[in-house]
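Participant: Residues per chain are reported as follows:
Number of protein chains: 2
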Amino acid sequence: MTEEKILLDHGSGGKVSHSMFSDIILPLFENPELSKQDDGATLDIDGAKLAFSTDSYVVDPIFFPGGNIGDLAVNGTINDISMCGAIPKFISVGLIIEEGLSIKDLKSILETMATAAKKAGVKIVTGDTKVVPRGKADKIFINTSGIGVIPDNVEVSGHNAKPGDKIIVSGTIADHGITVLSSREGLKFDSDIKTDSAPLNHMVQSIVQSDCDVHVLRDPTRGGLGTTLNEIAVQSQVGIKIDEQSLPIRGAVQGTCELLGFDPLYIANEGKLIAFVKPEDAQKALEIIQQDEFGKDAVIIGEVIDETPGKVFLQTAIGGSRIVDMLTGEQLPRIC
Amino acid sequence: MTEEKILLDHGSGGKVSHSMFSDIILPLFENPELSKQDDGATLDIDGAKLAFSTDSYVVDPIFFPGGNIGDLAVNGTINDISMCGAIPKFISVGLIIEEGLSIKDLKSILETMATAAKKAGVKIVTGDTKVVPRGKADKIFINTSGIGVIPDNVEVSGHNAKPGDKIIVSGTIADHGITVLSSREGLKFDSDIKTDSAPLNHMVQSIVQSDCDVHVLRDPTRGGLGTTLNEIAVQSQVGIKIDEQSLPIRGAVQGTCELLGFDPLYIANEGKLIAFVKPEDAQKALEIIQQDEFGKDAVIIGEVIDETPGKVFLQTAIGGSRIVDMLTGEQLPRIC
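Residue numbers (my numbering), protein chains in the order written: chain A, 1 to 336; chain B, 1 to 336.
These are calculated hints, taken from the structure and not from any lab test. Be aware that one or more of the hints could be misleading.
Since the list can't tell identical chains apart, any single copy or any two copies may satisfy a pair.
What the hints assert, rightly or not - Taking lysine-lysine and the DSBU-like style, the derived pairs with C-alpha atoms no more than 35 Å apart in a straight line are:
id : residue 1 : residue 2
1  : 5         : 311
2  : 296       : 166
3  : 5         : 166
4  : 49        : 119
5  : 118       : 49
6  : 5         : 284
7  : 284       : 104
8  : 123       : 49
9  : 123       : 5
10 : 36        : 119
11 : 15        : 278
12 : 278       : 104
13 : 36        : 118
14 : 36        : 49
15 : 123       : 36
16 : 104       : 36
17 : 194       : 123
18 : 119       : 5
19 : 118       : 241
20 : 311       : 107
21 : 107       : 278
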């Protein structure tokens, strides 16, 4: 018997990642906060309701059109906190740097982190720097963790989807993943696409502080929209039906996907959210999202159905219907 | 002009690390929480007083006598939170795994993390796993971030040292660094030393909840006792005098240091703290520390003096006195 090893798939955010979490991690650390499996944990500390989240960034290359690993890391944790309905307040930064990184590059990265934090109104309050010898890491890895405050009466969770809920996506999908892929050595090709990396905290507060009944918020990062919808279908034990023709995809992104054989449903986004909203409130919630600077292209893409719990269906452009599974395998390593 | 690059020194925790923090990081992110430069940030959230800290672990090898990268990472963040006077409550875990790590090793690491968290009474509530291709990291890197609650009336900080304060160290120094070094390929030699990695949260609460007047708590990790004392001398603008003969060092550790030319004052500890206590309360605080399971070897090693602000002096065994500077250069890369 050969020894079992960690594969790239274990970090895909898709099926193998989920199995590892369920089979290895959850049984060891079981507690109510972790078991919820939302983008962050919701905590009750001395009466304050907080959200707490962590993410490590290992994107390759570290600079790409529209951003770099630094603002990606700041926006990513801001968004994970936001998807708990929380207002992100404080962020920590852990740098693991490969010996030999140019100080100029480090400064550029840190500058964009400072700018991203400022734009979102969060403070970077604590940090740590480790340096490993050349060849023992790849340029720079960044961990960001964050704390947010959950306003009274806000309760969103992947467990709260209800049959009838309309599903809104806040803009075009697959921009980030295709941008990073297009920037890799040997794959460079002309295109005007850029990462969608953006802070969604203000958009989220506009929705949750409105009188719209929002049940679920989630940002479809690693694993893409297809995987995230599957997670919610399982967490809430509902079926989900989305309409292929309604999916907002930029022409250049769609073209690249076709050229390289990728399904945009599984490509990472870094500045988009999906919101599950009570049907009566869906149109209003959509308009609120569209008013946000990062939500102009928001559309309703589907709804929650009462049948087939745990399954996601896509109504295709030609009138058929197919199951959308979680990502299997690893399409694009080191996309975030 | 050659381009400036990141060197191992930048991650030493010593002089070059401090310059990078002061020259590059602090000006970009300046805010009152970060500027304090304690082991964690102290935050006021909705009336709750919290401590927040982060650390990445890149230790090599990942298994060593007495522990592994997993419990090191959990205890490390527990201790950073504790040094703010806080009771650590919640921890996040960010794994960066090199493709090819054996699942058996990963399980061992995660199991010791769960055990360490349980022992300290903290919950691991949120996490993230990334996998990078073989050769792009070294086995596994772990980030832990943590949140703790600061009890009312507790206020400790590196800024609070006062002339006259007695300085207590909670046990033998340099155990962790010398253990890891001794475990490296090519350097293995027989010895019964093991890491001192341990959670100090209960010890800290026993001291701060007593009626002893504790001004500073700090765990002398990277850079060792010598560097940590320098940090406090600078933060509080006081002088510090320590007595060489009082320093608790195991024979095997002292012997290895002499053999390899290391100064134990600059070798990392992972389960020790130093406490600066009002002189009248010092004996009582010492006894409280000695009653803790990780404080049996605690001793008073020196005091704060009214002269030479920012400087640390060592009274040598032969009656002389020498300046103890911060660590310059990097003695032992990847020690934590």
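Participant: Could you run down the list of hints and mark each one as holding or not?
Facilitator: Tested hints:
1. 5 to 311: Within one copy only: 30 Å inside a chain, 50 Å across chains, cut-off 35 Å.
2. 296 to 166: within (18 Å within a copy, 62 Å between copies)
3. 5 to 166: Neither way: residue 5 and residue 166 sit 41 Å apart in one copy and 51 Å across, limit 35 Å.
4. 49 to 119: both (24 Å within a copy, 25 Å between copies)
5. 118 to 49: The answer is both: 23 Å in one copy and 23 Å across copies each meet 35 Å.
6. 5 to 284: Classified as neither: same-chain Cα gap 49 Å, cross-chain 52 Å, threshold 35 Å.
7. 284 to 104: neither (46 Å within a copy, 51 Å between copies)
8. 123 to 49: both (19 Å within a copy, 16 Å between copies)
9. 123 to 5: Classified as between: cross-chain Cα gap 27 Å, same-chain 39 Å, threshold 35 Å.
10. 36 to 119: Answer is both; intra-copy 30 Å and inter-copy 23 Å each pass.
11. 15 to 278: within (29 Å within a copy, 57 Å between copies)
12. 278 to 104: neither (49 Å within a copy, 45 Å between copies)
13. 36 to 118: Classified as both: same-chain Cα gap 30 Å, cross-chain 20 Å, threshold 35 Å.
14. 36 to 49: both (16 Å within a copy, 26 Å between copies)
15. 123 to 36: Both: 27 Å inside a chain and 14 Å across chains, each within 35 Å.
16. 104 to 36: between (41 Å within a copy, 26 Å between copies)
17. 194 to 123: The answer is within: 26 Å in one copy meets 35 Å, while 39 Å across copies does not.
18. 119 to 5: between (41 Å within a copy, 29 Å between copies)
19. 118 to 241: So residue 118 and residue 241 fail the 35 Å test inside a copy (38 Å) and across (42 Å) alike.
20. 311 to 107: For residue 311 and residue 107, the Cα distance is within 35 Å only across copies (31 Å; inside one copy 45 Å).
21. 107 to 278: For residue 107 and residue 278, neither the intra-copy (45 Å) nor the inter-copy (42 Å) Cα distance is at most 35 Å.
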